[in-house]
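Numbering follows this note's numbering, with no gaps: position 301 of the sequence shown is 666.
What the hints contain is simulated information worked out from the structure, not anything from laboratory work. Certain hints may be false.
For lysine to any residue, the following SDA-like pairs were computed, each having C-alpha atoms within a straight-line distance of at most 25 Å [said to hold, decoys possible]:
| no. | residue 1 | residue 2 |
| --- | --- | --- |
| 1 | LYS604 | ALA560 |
| 2 | LYS595 | THR547 |
| 3 | LYS482 | PHE414 |
| 4 | LYS604 | HIS577 |
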Amino acid sequence: MGHPVSEASSQKMPELPEVETVRRGLAPAMVGARISRVTLRRPNLRFPFPERFAERLEGRRVLDLTRRAKYLTAALDSGESLILHLGMSGRFDVAMPDGSNLSPGDFYLDGALGVPKHDHVVMAFETGATVTYNDARRFGFMDLVPTQDLERCRHFAAMGIEPLSEALDGPAIARLFRHKITPLKAALLDQRLIAGLGNIYVCEALHRAGLHPAMPAGALAKPDGGPTPKAKKLAKEIKAVLTEAVAAGGSTLRDYARPDGQSGGFQHVFRVYDRTGFPCQARGCTGHVSRIVQGGRSTFFCEVCQVMPKS
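Could you build the full structure based on these sequences and the hints that come with them?
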(Lines of atoms letter the chains of each structure in order from A and count residues from 1; the text may use other names and numbers.)
(Lines give C-alpha, C1' and ligand atoms only; values in the text may rest on other atoms or scores of the structure.)
Protein backbone atom coordinates (compact mmCIF):
# COMPACT_ATOMS: atom_id res chain seq x y z
CA MET A 1 0.00 0.00 0.00
CA GLY A 2 1.52 3.35 -1.01
CA HIS A 3 1.99 6.35 1.22
CA PRO A 4 -0.82 8.94 1.03
CA VAL A 5 0.18 12.53 0.33
CA SER A 6 -3.19 14.24 -0.10
CA GLU A 7 -3.23 16.25 3.11
CA ALA A 8 0.52 16.58 3.51
CA SER A 9 0.94 17.94 0.00
CA SER A 10 -1.85 20.49 0.20
CA GLN A 11 -1.36 24.11 1.23
CA LYS A 12 0.33 24.17 4.63
CA MET A 13 1.89 26.84 6.77
CA PRO A 14 5.66 26.25 6.85
CA GLU A 15 6.64 24.87 10.24
CA LEU A 16 9.90 25.18 12.16
CA PRO A 17 11.94 22.66 10.11
CA GLU A 18 10.87 24.30 6.85
CA VAL A 19 11.82 27.76 8.13
CA GLU A 20 15.17 26.42 9.32
CA THR A 21 15.70 24.90 5.87
CA VAL A 22 15.04 28.31 4.30
CA ARG A 23 17.47 29.95 6.74
CA ARG A 24 20.23 27.57 5.79
CA GLY A 25 19.55 28.21 2.11
CA LEU A 26 19.67 32.00 2.50
CA ALA A 27 22.72 32.20 4.77
CA PRO A 28 25.41 31.77 2.07
CA ALA A 29 23.99 34.68 0.08
CA MET A 30 23.20 37.01 2.97
CA VAL A 31 25.49 36.55 5.97
CA GLY A 32 28.50 38.87 5.77
CA ALA A 33 27.22 40.56 2.61
CA ARG A 34 26.25 44.21 2.23
CA ILE A 35 22.87 45.09 0.73
CA SER A 36 23.40 47.41 -2.21
CA ARG A 37 19.84 47.90 -3.41
CA VAL A 38 16.31 46.99 -2.28
CA THR A 39 13.42 47.09 -4.74
CA LEU A 40 9.87 47.09 -3.37
CA ARG A 41 7.29 46.28 -6.02
CA ARG A 42 4.30 47.02 -3.81
CA PRO A 43 3.74 49.07 -0.63
CA ASN A 44 2.79 46.14 1.59
CA LEU A 45 2.63 42.42 2.17
CA ARG A 46 0.34 41.31 5.01
CA PHE A 47 1.19 44.65 6.59
CA PRO A 48 2.67 47.86 5.15
CA PHE A 49 6.46 47.90 5.00
CA PRO A 50 8.13 49.89 7.80
CA GLU A 51 8.79 53.57 7.14
CA ARG A 52 11.80 54.13 4.85
CA PHE A 53 12.21 50.35 4.67
CA ALA A 54 14.42 50.17 1.58
CA GLU A 55 16.52 53.13 2.71
CA ARG A 56 17.18 51.55 6.11
CA LEU A 57 18.36 48.32 4.46
CA GLU A 58 20.51 49.69 1.68
CA GLY A 59 24.19 49.94 2.56
CA ARG A 60 23.79 47.70 5.60
CA ARG A 61 25.79 44.51 6.14
CA VAL A 62 24.03 41.35 7.33
CA LEU A 63 25.89 40.18 10.43
CA ASP A 64 23.90 37.03 11.13
CA LEU A 65 20.77 35.17 10.07
CA THR A 66 18.95 33.27 12.80
CA ARG A 67 15.57 31.69 13.44
CA ARG A 68 13.11 32.37 16.25
CA ALA A 69 10.24 29.87 16.16
CA LYS A 70 8.85 30.23 12.60
CA TYR A 71 10.48 33.62 11.97
CA LEU A 72 13.83 34.55 10.44
CA THR A 73 15.86 37.45 11.82
CA ALA A 74 18.76 39.11 10.03
CA ALA A 75 20.97 41.24 12.31
CA LEU A 76 22.28 44.32 10.49
CA ASP A 77 25.33 46.47 11.22
CA SER A 78 22.97 49.43 11.71
CA GLY A 79 21.82 48.02 15.04
CA GLU A 80 18.48 46.94 13.59
CA SER A 81 17.26 43.46 12.74
CA LEU A 82 15.18 42.51 9.72
CA ILE A 83 12.34 40.15 10.66
CA LEU A 84 11.03 37.87 7.93
CA HIS A 85 7.90 35.73 8.08
CA LEU A 86 6.87 33.47 5.20
CA GLY A 87 3.15 33.31 5.91
CA MET A 88 1.55 30.50 3.89
CA SER A 89 2.96 31.06 0.42
CA GLY A 90 6.16 33.05 0.92
CA ARG A 91 9.37 31.80 -0.68
CA PHE A 92 12.83 33.07 -1.49
CA ASP A 93 14.72 32.66 -4.74
CA VAL A 94 18.47 33.13 -4.55
CA ALA A 95 20.72 33.94 -7.48
CA MET A 96 24.38 33.50 -6.55
CA PRO A 97 27.31 35.33 -8.21
CA ASP A 98 28.55 32.06 -9.74
CA GLY A 99 25.33 31.73 -11.69
CA SER A 100 23.77 29.05 -9.49
CA ASN A 101 20.18 29.41 -8.33
CA LEU A 102 18.43 28.14 -5.21
CA SER A 103 14.83 28.21 -4.02
CA PRO A 104 15.01 27.40 -0.30
CA GLY A 105 11.31 28.23 0.02
CA ASP A 106 10.09 25.84 -2.67
CA PHE A 107 7.02 24.53 -0.84
CA TYR A 108 4.11 22.41 -1.92
CA LEU A 109 1.82 25.23 -3.03
CA ASP A 110 -0.77 26.02 -5.64
CA GLY A 111 -0.22 26.91 -9.27
CA ALA A 112 0.89 30.44 -8.40
CA LEU A 113 4.20 29.14 -7.06
CA GLY A 114 7.10 31.24 -8.30
CA VAL A 115 5.10 33.32 -10.79
CA PRO A 116 7.21 36.47 -11.40
CA LYS A 117 4.30 38.85 -10.81
CA HIS A 118 4.44 37.78 -7.16
CA ASP A 119 8.09 38.85 -6.77
CA HIS A 120 7.45 41.61 -4.25
CA VAL A 121 10.88 42.34 -2.71
CA VAL A 122 14.28 42.10 -4.40
CA MET A 123 17.48 42.51 -2.37
CA ALA A 124 20.69 42.90 -4.36
CA PHE A 125 24.03 42.44 -2.56
CA GLU A 126 27.45 43.90 -3.32
CA THR A 127 28.71 40.35 -3.85
CA GLY A 128 26.48 40.04 -6.91
CA ALA A 129 23.96 37.76 -5.18
CA THR A 130 20.25 38.55 -5.39
CA VAL A 131 17.52 37.41 -2.99
CA THR A 132 13.93 37.71 -4.22
CA TYR A 133 10.88 37.31 -2.00
CA ASN A 134 7.87 35.84 -3.81
CA ASP A 135 4.48 35.58 -2.08
CA ALA A 136 1.33 34.76 -4.04
CA ARG A 137 -1.05 35.19 -1.11
CA ARG A 138 0.88 37.96 0.67
CA PHE A 139 0.38 36.47 4.15
CA GLY A 140 4.08 36.95 4.91
CA PHE A 141 5.59 40.16 6.19
CA MET A 142 8.84 41.99 6.89
CA ASP A 143 9.67 44.34 9.74
CA LEU A 144 12.64 46.24 11.17
CA VAL A 145 13.24 46.51 14.92
CA PRO A 146 16.22 47.51 17.09
CA THR A 147 18.30 44.39 17.63
CA GLN A 148 18.61 45.08 21.36
CA ASP A 149 14.80 45.04 21.60
CA LEU A 150 14.29 41.92 19.49
CA GLU A 151 13.02 39.62 22.25
CA ARG A 152 10.74 42.37 23.56
CA CYS A 153 9.28 43.39 20.20
CA ARG A 154 5.62 42.78 19.38
CA HIS A 155 6.43 39.67 17.37
CA PHE A 156 8.42 37.84 20.06
CA ALA A 157 7.45 39.30 23.45
CA ALA A 158 4.78 36.69 24.17
CA MET A 159 6.62 33.74 22.62
CA GLY A 160 7.40 30.62 24.59
CA ILE A 161 10.59 28.61 24.72
CA GLU A 162 12.39 27.26 21.66
CA PRO A 163 11.70 23.53 21.24
CA LEU A 164 15.23 22.78 20.01
CA SER A 165 16.89 24.67 22.84
CA GLU A 166 18.13 23.27 26.14
CA ALA A 167 15.20 25.05 27.78
CA LEU A 168 12.81 22.35 26.61
CA ASP A 169 12.98 19.29 28.84
CA GLY A 170 10.70 17.23 31.04
CA PRO A 171 10.67 19.68 33.95
CA ALA A 172 9.86 22.56 31.57
CA ILE A 173 6.88 20.69 30.12
CA ALA A 174 5.63 19.88 33.62
CA ARG A 175 6.01 23.51 34.67
CA LEU A 176 4.28 24.90 31.57
CA PHE A 177 1.38 22.41 31.57
CA ARG A 178 0.76 21.91 35.30
CA HIS A 179 -2.92 22.25 36.23
CA LYS A 180 -3.94 22.70 32.58
CA ILE A 181 -7.03 20.76 31.48
CA THR A 182 -6.43 21.88 27.89
CA PRO A 183 -6.01 18.94 25.47
CA LEU A 184 -2.34 18.11 25.17
CA LYS A 185 -2.13 18.80 21.45
CA ALA A 186 -3.68 22.26 21.89
CA ALA A 187 -1.20 23.06 24.68
CA LEU A 188 1.72 22.03 22.47
CA LEU A 189 0.47 24.30 19.69
CA ASP A 190 0.16 27.28 22.05
CA GLN A 191 3.02 29.52 20.90
CA ARG A 192 3.00 31.31 24.26
CA LEU A 193 4.25 28.10 25.88
CA ILE A 194 6.49 26.47 23.27
CA ALA A 195 7.24 28.56 20.19
CA GLY A 196 7.52 26.99 16.76
CA LEU A 197 5.64 23.71 17.06
CA GLY A 198 3.07 23.03 14.35
CA ASN A 199 0.42 20.46 13.56
CA ILE A 200 2.57 17.98 11.64
CA TYR A 201 5.38 17.62 14.16
CA VAL A 202 3.11 17.63 17.21
CA CYS A 203 1.19 14.67 15.77
CA GLU A 204 4.44 12.84 15.07
CA ALA A 205 5.98 13.58 18.47
CA LEU A 206 2.85 12.55 20.38
CA HIS A 207 2.81 9.24 18.54
CA ARG A 208 6.45 8.53 19.32
CA ALA A 209 5.86 9.39 22.97
CA GLY A 210 2.73 7.21 23.17
CA LEU A 211 0.51 10.07 24.30
CA HIS A 212 -3.13 10.66 23.39
CA PRO A 213 -3.61 14.09 21.77
CA ALA A 214 -6.81 14.79 23.72
CA MET A 215 -5.49 13.94 27.19
CA PRO A 216 -5.29 16.84 29.69
CA ALA A 217 -1.93 18.57 29.34
CA GLY A 218 -1.67 18.81 33.12
CA ALA A 219 -1.43 15.02 33.37
CA LEU A 220 2.26 15.35 32.44
CA ALA A 221 2.99 16.97 35.80
CA LYS A 222 3.11 15.08 39.10
CA PRO A 223 1.15 16.47 42.08
CA ASP A 224 4.34 18.15 43.33
CA GLY A 225 4.90 19.79 39.92
CA GLY A 226 7.69 17.49 38.82
CA PRO A 227 7.69 15.81 35.39
CA THR A 228 6.19 12.40 34.79
CA PRO A 229 8.27 9.90 32.77
CA LYS A 230 6.00 10.67 29.81
CA ALA A 231 6.82 14.38 30.08
CA LYS A 232 10.51 13.56 29.78
CA LYS A 233 9.77 11.22 26.88
CA LEU A 234 7.73 13.88 25.07
CA ALA A 235 10.49 16.50 25.35
CA LYS A 236 12.95 14.00 23.91
CA GLU A 237 10.67 13.03 21.03
CA ILE A 238 9.83 16.64 20.12
CA LYS A 239 13.51 17.36 19.67
CA ALA A 240 14.10 14.11 17.78
CA VAL A 241 11.27 14.71 15.32
CA LEU A 242 12.29 18.31 14.65
CA THR A 243 15.97 17.40 14.28
CA GLU A 244 15.17 14.62 11.81
CA ALA A 245 12.84 16.88 9.84
CA VAL A 246 15.45 19.64 9.61
CA ALA A 247 17.98 17.10 8.34
CA ALA A 248 15.45 15.99 5.70
CA GLY A 249 14.67 19.53 4.59
CA GLY A 250 11.23 19.68 6.18
CA SER A 251 7.91 18.13 5.25
CA THR A 252 6.08 20.75 3.19
CA LEU A 253 9.01 21.35 0.88
CA ARG A 254 8.97 19.84 -2.58
CA ASP A 255 11.24 16.87 -3.10
CA TYR A 256 14.82 17.91 -3.56
CA ALA A 257 18.06 16.16 -4.43
CA ARG A 258 20.35 15.75 -1.45
CA PRO A 259 24.12 15.78 -1.99
CA ASP A 260 24.03 11.99 -2.20
CA GLY A 261 21.54 12.22 -5.06
CA GLN A 262 18.63 10.75 -3.11
CA SER A 263 15.21 12.34 -2.81
CA GLY A 264 14.61 14.24 0.42
CA GLY A 265 11.58 15.26 2.44
CA PHE A 266 10.37 14.22 5.89
CA GLN A 267 6.85 13.67 4.51
CA HIS A 268 8.06 10.33 3.19
CA VAL A 269 8.65 8.99 6.70
CA PHE A 270 5.54 10.22 8.51
CA ARG A 271 4.40 7.64 11.05
CA VAL A 272 0.87 8.99 11.59
CA TYR A 273 0.38 12.34 9.89
CA ASP A 274 -2.01 11.99 6.92
CA ARG A 275 -1.97 8.18 7.27
CA THR A 276 -5.59 7.54 8.26
CA GLY A 277 -6.40 3.83 8.11
CA PHE A 278 -2.80 2.72 7.67
CA PRO A 279 -1.20 0.31 10.16
CA CYS A 280 0.53 1.90 13.15
CA GLN A 281 4.29 1.81 12.73
CA ALA A 282 5.08 1.54 16.44
CA ARG A 283 6.94 -1.68 17.14
CA GLY A 284 4.57 -4.45 18.19
CA CYS A 285 1.43 -2.33 17.81
CA THR A 286 -1.56 -3.85 16.00
CA GLY A 287 -3.52 -0.62 15.71
CA HIS A 288 -4.27 1.64 12.77
CA VAL A 289 -4.02 5.40 12.40
CA SER A 290 -7.17 7.37 13.19
CA ARG A 291 -8.10 10.96 12.46
CA ILE A 292 -10.02 13.37 14.67
CA VAL A 293 -10.50 17.13 14.44
CA GLN A 294 -9.21 19.36 17.23
CA GLY A 295 -9.56 23.10 17.02
CA GLY A 296 -10.51 22.84 13.37
CA ARG A 297 -7.34 20.92 12.47
CA SER A 298 -6.75 17.26 11.68
CA THR A 299 -5.08 15.16 14.35
CA PHE A 300 -3.63 11.76 13.46
CA PHE A 301 -2.90 9.13 16.12
CA CYS A 302 -3.14 5.45 17.00
CA GLU A 303 -5.98 4.50 19.34
CA VAL A 304 -4.10 1.37 20.46
CA CYS A 305 -0.72 2.71 21.55
CA GLN A 306 -1.81 6.29 22.29
CA VAL A 307 -4.38 5.54 24.96
CA MET A 308 -6.26 8.18 26.91
CA PRO A 309 -5.11 7.89 30.56
CA LYS A 310 -7.70 6.98 33.17
CA SER A 311 -8.76 9.90 35.31
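Check: Which of the listed hints are broken here?
Finding: none
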